[in-house]
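Single-letter residue listing:
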Amino acid sequence: MSGTNNIEDALSSYIIGRDTVKPNRPRFHIDAGNLKSAIALLKQCLGDEALYLSNIIGVDKVAEGVIELNYFIHVVPLGNTIVIRVTVPRDKPQVSSLIDVIPGALSGECEAYDLLGVEFIGNRYLRRGFFVPVDVASRGVFPLRKDAKV
Amino acid sequence: MCMGDSASIIYYRWFQRGKAFISSIAVVIRVLMSKLIRYSPWLAHFNTGACNGCDIEVLASITPIYDPERYGVKLSPSVRHGDILIVTGVVTKKAAERLRRLYEQMPGVKYVVAVGACAYDGGVFKGSYSISGGAGKVIPVDAYVPGCPPRPEEILRALLILLNRERVKESERH
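Chains A and B supply the protein sequences, listed in that same order.
My numbering applies: residue 13 is where the first sequence begins, and numbers increase by one.
My numbering applies: residue 177 is where the second sequence begins, and numbers increase by one.
What the hints contain is simulated information worked out from the structure, not anything from laboratory work.
Bear in mind that the values here come from a model prediction, so they are computed numbers and not experimental data.
Just so you know, even glycine gets a beta-carbon here, dropped at the ideal spot from N, CA and C.
Honestly, I wouldn't trust all of these hints.
To be verified - Each pair of labels, with its calculated beta carbon distance range: (1) 30/A with 276/B: 47 to 53 Å; (2) 342/B with 62/A: 54 to 60 Å; (3) 246/B with 131/A: 53 to 59 Å; (4) 141/A with 318/B: 30 to 36 Å.
If we strip away everything but chain A, and leave its shape as in the complex, we get:
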């Protein structure tokens, strides 16, 4: 866990909350505006080949009026996965794109945009119909939103 503590120390200025998903999987809450700089800092600390962004999981929280984005990042030298969580408002879901820092974020960002409507600023490859069938996408429906009628 000392490696995870090092990550926590490195990101201390950005972290606004911390909890644990399950043993050996810490989750750090970060402000959406600081996401890109936090990941860039993490990459700078651990090295170019240390981070593997395996998933971007979006969750629509209607009652709270936010969409959660959970970035599952595998830290290769530690052999451990950490989760970085940001929340964006439902009525204006925008967050900065990570493809400049981690190019592998492309597919995850395209998926989150197509299914939940989260806009990743700086990613110019976003388009509807990446995963969603054309008939649903053409109606402007984001099917993973809890209030979507498909």
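Position chain B relative to chain A; hints supplied.
Coordinates of chain B only, in the frame set by chain A:
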């Protein structure tokens, strides 16, 4: 009747005879092909949106444990060499056009076997916004293998029943 008319009638008759000849040759080739395929059917496997359960069973059914090569059954490297298309999983709207294209790319005498509950009518995904339905909604299916997932023996048995190489009890006929 002028000469031109009679010549056109003769050409028309030749054309008809030629057409009948070609279609009869096509029928003979088709019968021969179906007999050949019966003893060396090559499989093409396509996952249209399965959870991987059926795929594992299809791959298990072509392992030496079940030894399908004793029946001449092999997995073909390309759908263009395949005789039997094995479809696993629910057909999503995105996969439907690919499935249709693959079916059209298969040569001559061809069969389709839909493996699993999802390939039958959508299974647990039935009613979802992103699916077309079972494989039968997109391409003609010759045999369905029920189960979630079906056992490898059942998949092999379906192939043999399809090729008329296994006797089926009268009570099992549908």
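Against the earlier hints, flag every one the structure doesn't satisfy and list their numbers going up.
As far as the earlier hints go, not one is violated by this structure.
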